[in-house]
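Residue numbers (UniProt numbering), protein chains in the order written: chain A, 1 to 454; chain B, 1 to 454.
Incorrect hints may have been included.
No distinction is drawn between identical chains; accordingly, a pair holds when it is met within one copy or between any pair of copies.
Derived BS3-like pairs (lysine-lysine); straight-line CA-CA distance at most 27 Å [what the hints assert, rightly or not]:
1. Lys33 to Lys169
2. Lys275 to Lys176
3. Lys276 to Lys415
4. Lys346 to Lys33
5. Lys276 to Lys106
6. Lys304 to Lys106
Read the hints as simulated data drawn from the structure, not as lab findings.
Number of protein chains: 2
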Amino acid sequence: MKQDTIDAAAISAAPHTLSSHHVADIVELLNHKGLEEAVQFIDRLPDDWAVEIMDQPDFVWACEVMEELPAEKSAHLMEHMSSDRVADLLRWIPEPKRTELKDLLKPDTRTGIDRLLTYPHNSAGSIMTTEFVSVPADWTVEQTLTYLREVEASRETIYAIFLLDPGSKRLVNVVKLRALIIADPKASILSIAPTYAPITANALADREDVARMIAKYDLLAVPVVDTTGHIIGICTFDDMIDAMIDEQTEDVQRMGGMEHIHEPYMQIGFMEMIKKRGGWLCVLFLSEMLTTSAMQVFSDELEKAIVLALFIPLVMSSGGNSGSQATSLIIRALALQQVRLRDWFKVAMRELPTGIVLGAILGVIGIVRIALWQELGIFDYGEHWVLLSITIGVALIGIVTFGSLSGSMLPFILKRLGFDPATASAPFVATLVDVTGIVIYFSVAWLFLHGTIL
Amino acid sequence: MKQDTIDAAAISAAPHTLSSHHVADIVELLNHKGLEEAVQFIDRLPDDWAVEIMDQPDFVWACEVMEELPAEKSAHLMEHMSSDRVADLLRWIPEPKRTELKDLLKPDTRTGIDRLLTYPHNSAGSIMTTEFVSVPADWTVEQTLTYLREVEASRETIYAIFLLDPGSKRLVNVVKLRALIIADPKASILSIAPTYAPITANALADREDVARMIAKYDLLAVPVVDTTGHIIGICTFDDMIDAMIDEQTEDVQRMGGMEHIHEPYMQIGFMEMIKKRGGWLCVLFLSEMLTTSAMQVFSDELEKAIVLALFIPLVMSSGGNSGSQATSLIIRALALQQVRLRDWFKVAMRELPTGIVLGAILGVIGIVRIALWQELGIFDYGEHWVLLSITIGVALIGIVTFGSLSGSMLPFILKRLGFDPATASAPFVATLVDVTGIVIYFSVAWLFLHGTIL
């Protein structure tokens, strides 16, 4: 937003001018510069500023800067960055550089980061931060506030304070800072905690599920606990917003029929682009070849009634479109948990009448179109044009119904098999429906036109 | 999650047992009950609990409960609910009930809500809350903390404190509660504020833009200011997460080629469903009719070389698929502001070579397929099968390139015209590409097969 008013050269010369800018604006500026410039800029900055910039998940050159800077400098910055961010960056830094950098870290820092690195990508464990505030549950409000003042600078958030059982150190409850502020300083911290059990996440939980918890319970941070009930980290709301945006990108790209691309559009390498798009495109192409095979089966019919070919794209695309509608509805309903796996039959029973009605509407339009063109003399569909128009109408009902049904069931099937339902892209559904569409179309044609033009 | 352990009947009988549940879990339970049950449940609850449940944006029966309860009871609850939520509910309550309820509110409450109602749906103004904390910028930290303790209960958040110029009352800066906690009580509140200008939003800003600000700057709340620089409300991070989820649903449904449906899938009325899906389906169907018209133009060629018809679905769907990939990439890049309107030419210059390479890959596969089938004797494409396979290969390059180009440009055009780029659904792109695809296909065929089979 304000990026144009930031002059990188001037800032490098006089780093103290940085404080008049929000770090996110500086990051946006750096993202638009080349790698070389970004490295030089970070290198010249005072450490605290360099750390703050490197900590921003939006900073696209962070990995590369880490690799390009002298290893000692990188390690020094990493010591002061938040551990979840460091783990995230290390994940993408190739060996042997990764080991070189890790070996330069203090043993404590390294252990923490190694643990984060063991969690699968996109799990709560992989995005959590270990810089949270926990206090024994038998402390008073005053003790807690005093402790907060001491540790504030080193914690990602202090708005949620985690209460641990003094003996077992298990997570007992969570207190919000706002409750602490208004409480009597002499009161026990446990007395101002909510009466319901704390909302927690498992380290292996999908980050999407954690985001849903944050949204549902309006939390500032979700504690991540291990199987023994000990808190091992927290996922904060701002990490979750970043995760949600990332998931959304992934879903939109998948729904568009391609693999997820992490980099911003302008920074994707050409070969990377071809790979991510070409893979699915080839799979779809190979599947779509079945349409040719199907049509070959009906080539005799086609030869006799070439007029049937004219409507193939129209009839088939309608199946694909209705399927793509049903798929996107169900993908979203599943993601929001409005619909669960066990509801598949209820959904099918909704899609069946919907498909029939939608197909009938299109069918009527199709019949009117043929009648109009015929009567107005725009095109001659032959003497059996009435039968032909009925064929189109009935085929549309069949194909749109099949499209709605299979489009709505596909996300369920994918989810059941353990895939992300959003993989059910519009192109995927269209391909599925196309082949069946041809079979339905020619079968209906045979039914109505057998003995006349077929 | 824990919904199954909540017994609605038991709670109605003994409302104090509610406190062992998180309000979000109770809401989830109520959502799965019928309207009647929800109304009775809310009616029997103590007021503070009823208010908290009605305040949850996820509570789907809130509007209906408002209408069904005695008007005095509804008005009483509304007095204690957050003003943004009340405005949101009133927006959907039909007249004359809406006026009846509003007339029962205290004049102050009514004025605040009337102002919120004047802002367009989905604008920052329409989702902001007016329950924020502001203090004169010449106060001390101690004064501010004392004031916070007084007003805490009536404010949606106290984690961000807005500093106003003591004279003009304009917004000067924002202080985070965590900074307040660690500061010297005698210090001036302004001395602990950040040195950069506060991030603010206009009341008419789209909520998507406000969500982006929250994500970019890691804010707990964005202040909404009027044109004179006075703060009129705040958008909190949890409202924004709800808004983001809603926007995402809208985008996914639009991309699936249908109108946005607000209700959960299982609660959409049948006619509503037909309307929201049928509208776009008809538009797409009418546009796709151009494929029939295009094929009618080439019906002579088709008659001469019926073999050409066999590949129409294959060749056309490839154009639609590559277009849908390009569209979803650009929709996302635009939404994340990785790409701006002025970058359209740069994008076109990336998509052009991408399309050519992807088309060439599919082209080679297509040629191999025809050669294989011919040589293996699976199908006989005639004596000019080599020319035919070249036709398919070249047509694929043309169509995939055209698909990538037009798919990537469509979101730009929509955005330029003031529409949401996500309206560029996969079905929309496929339809656009289909018609041109037929023209390209038959033109290439004419070029290569003229004089042989054409």
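Now for the hints, and whether the structure bears them out:
1. Lys33 to Lys169: Neither. Shortest intra-copy (48 Å) and inter-copy (40 Å) distances fail the 27 Å Cα cut-off.
2. Lys275 to Lys176: neither (47 Å within a copy, 46 Å between copies)
3. Lys276 to Lys415: Both. Shortest intra-copy (22 Å) and inter-copy (26 Å) distances satisfy the 27 Å Cα cut-off.
4. Lys346 to Lys33: between (53 Å within a copy, 17 Å between copies)
5. Lys276 to Lys106: Answer is neither: 39 Å inside a copy and 59 Å across each miss the 27 Å cutoff.
6. Lys304 to Lys106: Neither: 80 Å inside a copy, 78 Å across copies.
Hint compliance for this structure: hints 1, 2, 5 and 6 are not met, and every other hint is.
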